[in-house]
Amino acid sequence: MKIKVTTVGLVLALALVIPLTAYANRDGFDNVVKAIERFYHVKHQTLPLLARAGIKAVRTGAKIRGGEYKQIAEAGSVRVAFFEEQRFDSRGNIAAFKALVQSTLAENWAPLVQTLAPKDEEQTYIYVRDAGQKFHVLVITIEKKEATVVQATLSPQTLADLTKNPNEMGKKLTDEVTISDP
Amino acid sequence: MKTLFQTLLKFALVSALLAIGGVSATAQTAKLQLDQLDVLANRASETVDVKLDEHLMQTTAKFFSGKDPDDAEIRDLIKHVKGIYVKSFTFEKESEYSPAEVESVMTQLRGGGWSKIIGVTSKKDGDNVDVYLMSVGDEISGLAVVSLEPKELTIVNIVGPINLEKLTQLEGSFGVPYLNLPPPKPKSDK
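Top to bottom, those sequences are chains A and B. Just so we're aligned, residue 0 is where the first sequence starts under numbering that gives the first Met the number 0, counting upward by one. Just so we're aligned, residue 0 is where the second sequence starts under numbering that gives the first Met the number 0, counting upward by one.
No wet-lab data here; the hints were simulated from the structure. Just so it is clear, CB atoms sit at the ideal spot from N, CA and C, and this is done for glycine as well.
Quick list of the computed label-pair ranges, beta carbon to beta carbon:
hint, chain 1, residue 1, chain 2, residue 2, range
1, A, K33, B, D137, 47 to 57 Å
2, B, G136, A, K42, 54 to 64 Å
3, B, S94, A, A130, 40 to 50 Å
4, A, Q132, B, D67, 18 to 28 Å
5, B, F62, A, N107, 14 to 24 Å
6, A, R86, B, S134, 43 to 53 Å
7, A, D88, B, Q35, 17 to 27 Å
8, A, E142, B, K78, 35 to 45 Å
9, A, K33, B, L180, 40 to 50 Å
10, A, E84, B, A99, 39 to 49 Å
Below, in silico cross-link-like pairs of lysine to aspartate or glutamate (EDC-like), each with a Cα-Cα straight-line distance of 20 Å or less:
hint, chain 1, residue 1, chain 2, residue 2
11, A, K118, B, E45
12, A, K42, A, E83
13, A, K118, B, D37
14, A, K33, A, D88
15, A, K163, B, D70
16, B, K92, B, E148
17, A, K33, A, E83
18, B, K78, B, E138
19, A, K163, B, E164
20, A, K171, A, E121
21, A, K118, B, E151
22, A, K133, B, D52
23, B, K92, B, D126
24, A, K163, B, D67
25, B, K165, B, D75
26, B, K115, B, E164
27, B, K30, B, D52
28, B, K61, A, D129
29, B, K150, A, D119
30, A, K144, B, E45
31, B, K92, A, D119
32, A, K143, A, E120
33, A, K163, B, D52
34, A, K170, B, E45
35, A, K144, A, E36
36, A, K133, B, E53
37, A, K163, B, E53
38, A, K163, B, E170
39, B, K123, B, E95
40, B, K92, A, E120
Using the sequences plus the hints, can you model the full thing?
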């Protein structure tokens, strides 16, 4: 019985995840995940954690202004890769990783905000590109023991709202995808 | 011989024109090259790098509604701005960067149409803040703030028609940090 419930849960999770990922462009996202793996000698985790993120992305709203709850990412646009319980050590050359991210994404993406704190290995990179009437936003967040790569589509209005405080943009978008509502 | 001389002369003339064209094209842009500072990130305890280009600025400006007074003010402030570029490095200890490492930026600001409009030096704290404006004719085409503190280096570069008053209004938004600049001098009626 327990196995059955788990299987049904997994199938449901997959059903939710597949539409979320199918429409996301694979360039940039995949390349940057590989770049992280090569530079830090880590491996990203996909299925179970991605499933969790997918469910949360569907039901999570974010409070971005004036008490109004609004979902930042466009429905079905979210793609996430997690790196959990791994060691991120730039070996004193965090600038080299920044340059690697830039060269990996340079062709199609424009850098928006990058924050680095080498002592704690905290890094956030936000890249943007046109997606017709909307925008794709790619957020890479790295800490000492975990990292997240999020790609989502935003409406121009949402992007404009977030651009007012670009330093907070990465956190808001990543939190929307990875933190459950209370 | 004469033909060779004429050909060489033409070649020299064309080369000179191309060189002048190249120089003036470079001189007209108020966007500073700042990426060479990125190596400081290895020593800094915190680095912030913001790049809002013209396309993003204009897209953003369109979506600030004129109905909300705050949004309308922001829209008016940024609608002609062609880019906001900020690099800020914070260090744990003093003297972890040297003025020589900022020389590549200062070289750009010494030429190419830039003029220093404010220079604040604090001997007590060791803080230096310089503000530069680039003008083409009567129009301001860019602004740069270089803030050198013992433990912090910040460069703000705004491309487009911007003045100190507008810069002050932008502080705290669009990645522009609070710069503690002296207030703009009131205009004389005389």
